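Asks: The lines below spell out each chain.
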Amino acid sequence: MIELRRFSASLGGEKVLHDVSFAAGPGAFVAVCGPNGAGKTTFLRALAGLLPGAARPNPRHVAYLEQGARCAWGLRIAEVAALGRIPHGDTNSEAIAQALAQCGVAHLADRRIDEVSGGQARRAMLARAFATSPRVLLLDEPVADLDPAASHEILGVLRDFAHGGGLVVAVLHAVELCAEYASRMVVFEAGRIVADDAPLAALPVAARCFGMEWVGGRLVRK
Amino acid sequence: MVSLNLCSDQLLVLLAPEQVRALDFLARDPELSFVAAQAAHLPVVRADAEAVLNLHPDLVIAGRYGAQTTVSLLRARGLHVVQLDEPQDFDGIEKLVAQVADLLGVPQRGSALVAKMQARLAALSPSNGAPHPRGRAVFYEAGGWTAGPGSLADAALHAAGWQNAGTGGRMGLEKLLAEKPDLLVSDTAPSKPSMAQNLAWHPALHGLARKTVPPALLICGGPFSVAAAEILSH
Amino acid sequence: MKFLLPALGALIILSLLVGAAGLGVPDWLILWQIRTPRTALAVLVGAGLGLSGAVLQGALRNPLADPGLLGIGGCAALGAIIVFYWGISIQMPAALPAGAMLGAAGGCAVLLALSARALSGPSLILAGVALSALASAFIALALSLAPNPFALAEITFWLMGGLEDRTLLQLAVAAPPIAAGCILLLSLGRRLDALSLGEATAATLGFPVARTLVLASLGVTLAVGAGAAVAGGIGFVGLVVPHLLRPFTGQRPGAVLLPSLAGGAALLLAADLLARAAPLLLPLAGEPRLGVLTALLGAPFLVRIARRAIP
Chain A
1453 MIELRRFSAS LGGEKVLHDV SFAAGPGAFV AVCGPNGAGK TTFLRALAGL
1503 LPGAARPNPR HVAYLEQGAR CAWGLRIAEV AALGRIPHGD TNSEAIAQAL
1553 AQCGVAHLAD RRIDEVSGGQ ARRAMLARAF ATSPRVLLLD EPVADLDPAA
1603 SHEILGVLRD FAHGGGLVVA VLHAVELCAE YASRMVVFEA GRIVADDAPL
1653 AALPVAARCF GMEWVGGRLV RK
Chain B
16 MVSLNLCSDQ LLVLLAPEQV RALDFLARDP ELSFVAAQAA HLPVVRADAE
66 AVLNLHPDLV IAGRYGAQTT VSLLRARGLH VVQLDEPQDF DGIEKLVAQV
116 ADLLGVPQRG SALVAKMQAR LAALSPSNGA PHPRGRAVFY EAGGWTAGPG
166 SLADAALHAA GWQNAGTGGR MGLEKLLAEK PDLLVSDTAP SKPSMAQNLA
216 WHPALHGLAR KTVPPALLIC GGPFSVAAAE ILSH
Chain C
5 MKFLLPALGA LIILSLLVGA AGLGVPDWLI LWQIRTPRTA LAVLVGAGLG
55 LSGAVLQGAL RNPLADPGLL GIGGCAALGA IIVFYWGISI QMPAALPAGA
105 MLGAAGGCAV LLALSARALS GPSLILAGVA LSALASAFIA LALSLAPNPF
155 ALAEITFWLM GGLEDRTLLQ LAVAAPPIAA GCILLLSLGR RLDALSLGEA
205 TAATLGFPVA RTLVLASLGV TLAVGAGAAV AGGIGFVGLV VPHLLRPFTG
255 QRPGAVLLPS LAGGAALLLA ADLLARAAPL LLPLAGEPRL GVLTALLGAP
305 FLVRIARRAI P
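Those protein sequence lines, which keep their order, are chains A, B and C. Be aware that the first sequence starts at 1453, since it is given in our numbering, and climbs by one per residue. Be aware that the second sequence starts at 16, since it is given in our numbering, and climbs by one per residue. Be aware that the third sequence starts at 5, since it is given in our numbering, and climbs by one per residue.
Since the hints were made in silico from the structure, they are not lab data. All values derive from a computational prediction rather than experimental measurement. Misleading hints may appear alongside valid ones.
To be verified - Rough simulated footprint, nothing fancy, chain B against chain C, three-plus residues with beta-carbon under 8 Å:
| hint | stretch |
| --- | --- |
| 1 | 82–91 |
| 2 | 94–105 |
| 3 | 164–178 |
A virtual CB, placed ideally from N, CA and C, is assigned to each residue, including glycine.
Isolated chain A (complex conformation):
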């Protein structure tokens, strides 16, 4: 269960989130969409408890993956995933192995994260989030660096996670993917939620935010 009540945030004097309210429970895959600068990342950071005034969730239950997250050192991928166990204070190798497998990087476990491709590194970072065995995944652009096949793979894993009772809140730029995988879609524009509904209902609103239209299952220019 994750929620925000009438939450506002400012960055450098400018208001980025205006009185945003949001709540979600287990078993949902919530996609967060909207134009650049609409406040999606700030929203996710608020959910993760990183902004002043936001409640801090339990690190054992909520795992957060920031946008463009990079590992500062050349850790081995298995080590990166193992960092996800920190909130539990253990080295549950089963959970780690499962996380690596889920993200499709089990075969790279002994490779250094700075010596694999960008997409593989992104998946390794995702594996870290999975390794926590969380109930909630807060992911900022989890498939940004991935090719279409890999994107589908990961989104499929996230959908399965949601079906299994977990909650996923993910910022996704590829609006078409939202339609296919998400069970709920939240659209941001200028710091406010302008749509919060099933994807098919929210997509036209999202399209308009981009200055486009949702026609026949695709984004189309006007």
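Following the hints, complete the assembly by docking chains B and C onto the known chain A.
Replies: What follows is chains B and C alone, placed relative to chain A:
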């Protein structure tokens, strides 16, 4: 007369204090200067050509080293500057006192000081019954430097009947302890903190027989230096 | 990886047997009053420096971090110099490491304030350069105003670092803060691991970066501050040791902490042995300063690392 150097200061004050126009600042430091008490009432000046010129002295006395640029500037302006060497033994002290006394026009005072010094030196010689040589001594100076042969401290040691085991170079603590000197001589403990002078007070040296000599007696060679030999011979 | 411990043990034994008085077991007085404090301090100061470097690199996510390079060592030296020359440590020997630690703490605070947002970039190193320059300027000022007119002359050797002729009292006074600092720094392993993933992730894992930086600063202040009070200016150990050990320990920041402690101790002890051996091998030479030896090793290292870091 203006003196720009601690050593010439002291001779000036001992021989002709009434002729002093200005002394160097260090003359007033009781840890460095034997005549600190008198110098406290005498004018001082920094070794600065302008300041010295302002005083219109008849004569400027300085050391051979140090304040070189000041000295050359003063000479260029026509002042008479005499540079003194530093004596390394009691003979040298005698010659220096005579030289300065002549310069100042008070030769009798010079001979009087020399005569007193010679008398005190003679009192230290073997004829008064003390065993010579008394043993090996090391004069352990700031930073672990030892007084070597041909230095004033060496002369004082010999006058007091000691054999100088120092080499004139740096001697670390371990080497010093390995030498097992019969006497360790150091400067009296300074009142101001000094890392270099702390070395002589290292706990490892506590077991050695020790005498201390006020540094003011030996930094400059003068008639007062014989007091160092007297301390060392008791 | 723990061939380090036997190596350290061998160096300690060697250190007790080598000195100006000759090779082999010396007089009890020399062994206890001179060689023991020197050996023990080399181990402690080196351990503190190595570990501090490893923690700073992890906490700042910057492979060039080192307490000397970042100016913290210089600030510690400034504190020690003021306390020493104004006679505060004559009555209270413990005031010397306290003053150095105060200096180091001030340095940490200024460093963090100067580099605020950009800890992992070259601007941190720039902030360190600025802080070093500031500390040097104040040191020169303090020395020129010191009651002892020869302070400026005699301090040069001390600033270049060295452990010769240290006393048991100095050991007794420096050991507790260095030990405390090392214990604190060693406890930061998990935090530093979490920090590899970025500030935001580390915060969500339960380790907000501000707290990590404060704890790291505190540990470095204790270990490096007290070390500088007794050994003067020794740099580069914290830079070089973690880099030398990472190929063996792996890149995880927490994994390189304990090895860096042992490695720093071994490195400084080896350098000190080299310093002692120099006059025995080349009779006309004096003992080279410890800080000079570590700089001779560390500066080329820094050049090598920097070349790789500069695109």
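Asks: Hint by hint, say whether it matches the structure.
Replies: Results for each hint:
1. 82–91: holds (count 4)
2. 94–105: Result for this restraint: violated, n = 1.
3. 164–178: holds (count 5)
In the structure shown, a violation is registered for the earlier hint numbered 2 alone.
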